[in-house]
Amino acid sequence: MKNILAAVDFSEVTYAVIDRAGLLARSLGCHLWLIHAAEPDPDFVGWEPGPPGVRDQVARHLREEHRQLQTLAAEQREAGVDTTALLVQGPTVATILGEARKLDADLIVVGSHGRGAMYRVLLGSTSEGVLHKAHVPVLIVPSSARQTE
Amino acid sequence: MFRNILVPVDLTEKNRAATSAALELADSEGGVVHLLHVIETIRGIEFEQLKGFYEELHAKAESTMQQWVGELSSAGSNVRMTVVYGRRAAEIVAYADDKGCDLIVLASHRVDEERPAAGLGTISHQVALVAGCAVLLLR
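Chains as they are written, first to last, in the numbering used here: chain A, 1 to 149; chain B, 1001 to 1139.
For reference, chain A alone in the conformation it holds in the complex (with noise of 0.2 Å):
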């Protein structure tokens, strides 16, 4: 196993899921891609003329995500894990499985929510399109989890 694929969404449980997956890559030895799939602009933000306060909306919640993201690698980086954050913008799931086979991941690692939010996860949620559609292993880390000593 050489790449871990981490996908981080932010939410509650996404320290859950960098722990599992720092764990595993700095005990395996593997490179650990932290992913966020950023959502695709709004279709009425181009390059045509468009509103500007939209567009800078956007653009403010981009940096925004890229600095978490890059904390939460420097993180792992300090932990001993050989890190990469990505940030793509585009559809989750798509995202996710794409980017896992660009970087020949050989595990992807999601986050759900737990069994509170269980008709959530089932109506369509990023963990469900990726553990049903993935090539590869894919680990699940409920928000919940239990801690690994």
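Think of the hints as simulated: they come from the structure by calculation, not from any bench.
The reader is advised that the hints may include incorrect statements.
[Said to hold, decoys possible] Once the Cα atoms are required to be at most 30 Å apart in a straight line, the calculated DSSO-like pairs of lysine-lysine come out as:
1. B:K1014 <-> B:K1051
2. B:K1099 <-> B:K1051
3. B:K1099 <-> A:K102
4. B:K1014 <-> A:K2
5. B:K1099 <-> B:K1014
6. B:K1014 <-> A:K133
7. B:K1099 <-> B:K1060
8. A:K102 <-> A:K133
9. A:K2 <-> A:K133
[Stated by the list, open to error] Counterexamples of contact, computed for chain B against chain A with all Cβ distances above 12 Å:
10. E1024
11. L1025
12. D1027
13. E1046
14. E1048
15. Q1049
16. K1051
17. H1058
18. A1059
19. S1063
20. Q1067
21. W1068
22. R1080
Where is the CB? At the ideal position from N, CA and C, for every residue including glycine.
Using the hints, position chain B against chain A.
Frame of chain A; chain B shown alone:
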């Protein structure tokens, strides 16, 4: 890496890969791999009526798991085998809770996009939805 890993087994060949992965991921010092086989009981018929049948299944499961453990694990591996009766997904999740497992490893297949509903009822999907610990789905 992981202290308590649960591998639910249905005694088919695909379980070997899951067992092998679990042994690799278990802590070298003190890590335990639990092999769990659930014998699904037939609802509507008293257990005692089919006791002989269930006992045969039980003996076969233990014998197969013992053979795997002998083939796959090294001398120092701490592997425990358990056979229980009930509904598979429910028993798997309950066992993981009871033993404080921090990982469940299952073999799983990709969902056929032509027939997505077929994947929703699989044991791996059910366990992934409701488990209280991380779940690793192997392809």
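### Query
Hint by hint, which ones does this structure get wrong, listed from lowest number up?
3, 10, 11, 12
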